[in-house]
Every structure is written in structure tokens, then in C-alpha cells.
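Protein chains: 2
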Amino acid sequence: MPDALKVGVAGLGTVGAATVKLLAEHAPLLALRCDRPIRVVAVAARDRARGRGIDLKPYRWFDDPVALARDPGVDAVVEVIGGADGPARATCRAAIEAGKHLVTANKALLAKEGTAIARLAEAKGVRLGFEAAVAGGIPIIKALREGLAANRIARVFGILNGTCNYILTTMRTTGREFADVLADAQKLGYAEADPSFDIDGVDAAHKLSVLASLAFGTEIDFAAMHVEGIRHVSATDFAFADELGFRIKLLGIAERIGHAGGEGERPRIAQRVHPCLVAADSPIAAVDGVFNGVVVEGDYVGTQMFEGRGAGGGPTASAVVADLIDMARGVAVPAFAIPAAKLVKAEPVAIDRRVGAYYVRLMVMDKPGVIADVTAALRDEQVSLEAMIQRARAPGEAVPVVMVMHETGEAGMMRAMARIAKLGTVAEPPRVIRIERL
Amino acid sequence: MPDALKVGVAGLGTVGAATVKLLAEHAPLLALRCDRPIRVVAVAARDRARGRGIDLKPYRWFDDPVALARDPGVDAVVEVIGGADGPARATCRAAIEAGKHLVTANKALLAKEGTAIARLAEAKGVRLGFEAAVAGGIPIIKALREGLAANRIARVFGILNGTCNYILTTMRTTGREFADVLADAQKLGYAEADPSFDIDGVDAAHKLSVLASLAFGTEIDFAAMHVEGIRHVSATDFAFADELGFRIKLLGIAERIGHAGGEGERPRIAQRVHPCLVAADSPIAAVDGVFNGVVVEGDYVGTQMFEGRGAGGGPTASAVVADLIDMARGVAVPAFAIPAAKLVKAEPVAIDRRVGAYYVRLMVMDKPGVIADVTAALRDEQVSLEAMIQRARAPGEAVPVVMVMHETGEAGMMRAMARIAKLGTVAEPPRVIRIERL
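If you read the sequences in order, they're chains A and B.
Start counting the first sequence at -19; every next residue gets the next number (our numbering).
Start counting the second sequence at -19; every next residue gets the next number (our numbering).
Hints are all accurate, no fakes.
Note that identical chains are pooled: a pair holds if it fits in a single copy or bridges any two copies.
Below 25 Å or equal to it, Euclidean Cα-Cα: the simulated SDA-like pairs (lysine to any residue) are:
1) K325 to A64
2) K347 to V384
3) K104 to R309
4) K322 to P17
5) K92 to D180
6) K1 to E245
No lab work stands behind these hints, which were simulated from the structure alone.
So here's chain A without its partners, still in its complex pose (with noise of 0.2 Å):
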């Protein structure tokens, strides 16, 4: 059998003690599987005092995570210290400057600059790894990587955040308002103590900036993403979407607009992460809770989803080693899919363009002409109603109407949206959520 990989692993909260547990868990049954050990030779954390259920003893400490990833004795580094700066990508540049392979869960780190990092350890001849970036435990980066590589991909789409999905399901089915459902799961341990990472929805987007690069071959490209949250989802919304037959969702999507286009040409690439309503019998739909579920649409396989934990340290755990699996069993795919010299630069297309029907929420005061004014700014800007709800009555009040508007550009809509704000009859902003018919 040929030597162990050794293996050093930065960073000992949840995902890298759940790393260590499984390794030396199943340490014959990986054995087995790669036909050569896979070792945990070295740890690093800033605590070594703090209790993790898990043994240390038999591996070397450092306090130091660089100097962990600068380690002679250490074939693969695990990155799962988190963040985007600091110590966190000081160890990623360090490990694989100094010639070692790289597994990391770090999405953040690759949104901002996981071509470079691509690009670097494709120079210096090691392989990167970051299953455990994006969903969770789902191989997801493996299906878009090698799965599902022989197709041309037309989108990708899905729950990305647990926590969001997690506070979306439970809003749905207690009736319960945001907040109130958000300082539940903070108690639970589903959302942080700041919870603005999960809830406004950069987490999922810098997952969905990886899936983009991985389906279409292109540069990472994060500032392009158009990413709202759902702090302004209300339980009022859920309660009409039921009405309507819809589910709402926090979704990430990238897709490819327009033609297929020529070789050399620069693929235009939309990519969002906003609260949708979707049909509410359509799969994803039905991915509730903590669960993730991603939706890849290609030319020759039509749609596949996937769903699973997105989150948690078992599930983390297992997408990490299974990078490390590939490793020791010296599987060398490109990062990205394609030689990472090779991706190029999307051109972005603006949330502006998009063409798509819209749910509105209005606070008007009721009485009569309001409709009316509403109807007018819609008509000026040359927005359709499929359908307008107003159940409550309470004359001279605030009262909401929902209306569902039939496909229309994002742009015209946005415009009619400013009108209707500025009606003296208009008590909120007008509450907007994309339809997408998946």
C-alpha cells in the first residue's frame, strides 16, 4: 500500500473537529477506498485548552495555522478557519506556495478571489478542493465538475443557506412573523448571534458565485451579483403566496442569457440572489428546513437536483473528506473544470434586464381611487396585472392589496414600483418578490 496522505487541519470549530472525528473513525474503511491511508498528522487552532469531544493527542499542535501550512511533514491542508481575510487565506496562499494540496470550505474566500487561488495552485501543481464551500454534505461541485461535465450548462439555482430556508419554512408554517421566527433559530443555533451574513443573503451568493464559475467557465465574479435577503419578507406574504399557490424561497441563480454563442465569445452570465415565489408543486418547493437543494439544468440531461444538509459538521465533514479522498487516490480534475487559466470573463447582465412575472405587495390606505392611481402608474410604465387581492376592509386605514403582474423587464417594473411609492395613498415601499417558474 502506498504511503499515507498526511493531512493537517486548520482550524477546530465544528466543521474541522467533525474532520478529524470521521478520519480517524473510518480510517480502515478509507483505507480501503483510496488503497492508501489518509492521516491527520497536524492540527491548529487558537484554543488547544477548549474541549472539542475529540482526541489531540496523537497530532501535532500548532498555534499557528501558516506554520501548520508550511509543514514539511504535511501533504494537504484543510482550511476550515473561515472569513475572507486574516489567517484563514494566509493559510490557503501559504499551503500551496509551499507545494501542498488544498481543501477548503471557505465561500467566502472564494468569492473574492477563488479564480486566483484556482490560477495559483494550478501554477505551482497542486490540487484545490472545495466541496464543502457549497451545500454542505451534497457533492454538488463534484456533479458540475465531472458528473454532469458533459453538458453545456443553462443554469443553476437553489438554497444555498440553511438558516434562511430554515426561518422561510418555519414562517410558512407557524404564520409567525421574521423576527420572531429569526430569534428562535438564533436560540436554536440555526443563525448567528449577527445574523446579516445569512439573512441578507451574501452567504448564498458567494456559494453561487463558485457554482457560476464551475457551470460556465468563467472568472469568478462576485461583485456582479444582484443579492437581496428576506428581512423584508413578511408573514402577510406568506399567506397570500398560499392563496396564489406559491412557496417563497431565498434562491441563488445563475444563468446563461441569450444565444450559445461562438467559441472565444464572452458568455453573458446573470447571476441573483433574491426571495422568489415559486410554484408551489415544483421540487424545490419541497426543499424545506435546514435542507439545501440545488437545481442544475444542462442540454443533454435536462433538470437534476440535489438535495441534502447544507450545513452542520457531519455533513461539512464529509464533503471535506471526500476532496480528500480524490486526493489520495490521485484523481486530478481541474478546480473549476477547466484549466483554471482558461475561464474567462463573464459578461454580466444586470438585474435590470431581467424579464419575469412579479408578486407586489401595497400598503394603501383604503378608499376609493386608490386602485386607481396604482393601476395608472402600472399602465404608464406598460406593467400587465394578472391579478389583484384585497381581502381586509377597514375604510380610511392601512390595508394590504397584492397584486401578481404577468412577465414584464425588470426595469419598467422597478420604474412603476418609484410611481406607486410616491402616491400620498401608498403607506410602505411597495414589497416586491420575483416569480420564477422553475
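Chain A is fixed; fit chain B onto it per the hints.
Leaving out everything else, chain B in the frame of chain A:
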């Protein structure tokens, strides 16, 4: 750029033709992804003149697929002839013997001698791919072999036959009877003229035997499988299942039974294909129509579901070419996740060892005392009744009675059914559908 991978395609039915088309259409994309071209150089089929919608002029023609498999100009052979014997088997064997890589979509052949073929390929130092043999375009083979390889797998199950799923879905949504829906499926091309392979569960069982080998590191053991099809599922069953909160699906289920077991201990594996009642809100219940869905339960990753098109030219060609891409990229992972020489014999666990809940439909004479006789038979075998429904009344005639049993052993359950079948007041053999809590 290295030399092209030179491919010979044996069989030009729907899948073979779609494979040739895909490789031609996506040649530049594939060359980019593999850093070398994948080129079809030869094809073999029975009838050269048949219209297939593809240009065959660029390829050398073989009437004999075995001659193609032995041709020195071919690096990798794609066998999409089908059938466990005859030319398909001869082609696969000849390709490996001649030192070619082999890609096959042939689940019947794999179920019969997949372990032997993998050992032969290993001995000859060639690679074997069969992503296309299970669940069409869904990359479930790669997921088990690589993406989820960090896990000890407890269970793998799924909807593995699109024909059955289409028939069952249509029966549910229309209330029509099996024979009627089958006839329609045949007209639509979703079922074969002789549909027995599909509707009797044999095709799903072939696929399950391959998944079980991969998941558990065991030799393929098709003979150990319990197989029932969907012929006896009736419109009445769908009505009752709906009332009870269930869907009816034909599932293939392979699971590890009992304790984890030490190294060297033979794993105890149950493999079965039969109609199941599953909770209407379970993810697998939402996989409808011709779609396939596969669920994998791993100890670290938790529950993963993969859903997509399980058949058809495009999806299957996507899977065939995924294997060719691996070969072109030089990926060399054991076909069954561990070296074929190390696959162990499982200890089969027979269906009569199952413990679970059951749905039973009886046709009984509507007269006093019948239910007392039925429940006495259950009591004598210690089978405990959870619910009973008799909706229809027709004194002196046969009416359906549905019973749901608490968790019980299969052996006692079947003895109780044998007793009930002998009762003079029971008009038809009891129809039993296992309830699976998934």
C-alpha cells in the same frame, strides 16, 4: 494538448445515437474540460441504413461489435447494445480482454456478472464506467463512489424505474386502473411492448444490485434480491393510500442490517424491490412521472436525495459521456469504490426478516362475522391492527376492507395472510403493500 481519447460506440439505438450526437456537438467544450479531445472513431450496429438523425460518415462502420471492441484504433468502448447475454456481453468481455476502457449502460449484464467484469477490468488495468446503467443522467454512481465516499452507508433506496413511476403517478392523479394506464404508457413510448421487465420490478432490481455493491463494498448478489412489481396495485389502493396520508411508489431498497460489524465480518445486507406506501410529505414521494430519485443515508452526511430523468437518449448519453470524460482526464477510481478484488460476499438477509408496518387490502363478503374471522387470524400470528377502513356497504357481496398493521415481523404477517386467504368469506388473495418510514 495530448492525443484524443478514441471511442468506439457499440449499439446505435436511442442511447448510442444520442452519445454520438453529444460527442460531436460538444467536441470543443469537452476538449476544454478534458484538456484533450474525445473523438468517436468507430460505430457498430446491425443495420447501417436505418435513419438515426446523425451523420455516421465520419466513423468507421462495424457490423460486428466484437470486432469494433478489438480494433486497435479504439481506446475506449461504449457498449449500449443491452441484454445480459449475446453480443453485449461478448463486446464488453472482448473490449476488456483487448485492453480497452469500457463504458456500459448494461444493468442486466452488471446484475449478472458485474463483479466479475470489474475484476477482469482491474486485472487488465483498464477502467470500467457504468454511470449510465443506473438512474439515467443522475450521477449517483459517482456520488456513491466518490462524493459520499467519506461515509459508512446505512441505506440506499430509490425510484429506479421511470416506467413504473409514470404508471403509478398517472394512476394516482387520474384514478384509473393499472391495465388502462399501462396501455397508454405503451402508446406514449414510456413502456415497452413487452413491459414485464419494467413492471415486474426486474429492471429496478438490476439497478439496485449495482447500487448495493457500491454502497456496501459487497459483491453484486442479484439472486439474493426480493422482487415484486406493480401489477397488483389498484385504483382502490390509491384512494385508500391518499386517505391515510401515503403515496404508492415502487422502491428499490438496499440496507445494512444489524450492528456495524468489525473488519473482516461479512456485512448483512437486505435488498428488495416492491411497491411501498411512503408518507405523502416525504421527499421521495414528490418524485413523480418518469423521474427517478435516489436517496443515500450516510453516517456523516445524513440523508441525500438525487432526482432527475432516469431514462431517455439525452440523460443516458450525459452519463455515458461523463464516464468517458473521467477516462480522458485520467481519473482512475475503482469502479465499485474499492478494489474489485476486495469486494466481499454479503450475508443476505431475506425478506421474511423484515420488521415494519403493512397495508392490506381484502375483498370480503359484506356480512356479520367476517371481520371477527380476519382479526382472529391476525391475533393468532400476533399481528397488531392499527387501523381498519370499510367504506362501501353491499350486503351479501364483496367489498374492499383496508387494514394498516403496526410494526411486525414479515414472517408472522405472511402466515396471517395465508390464514386469511383461506377464509371462505374472503374473495381474493389479500393484497399486501409494505409501509416504509423513510
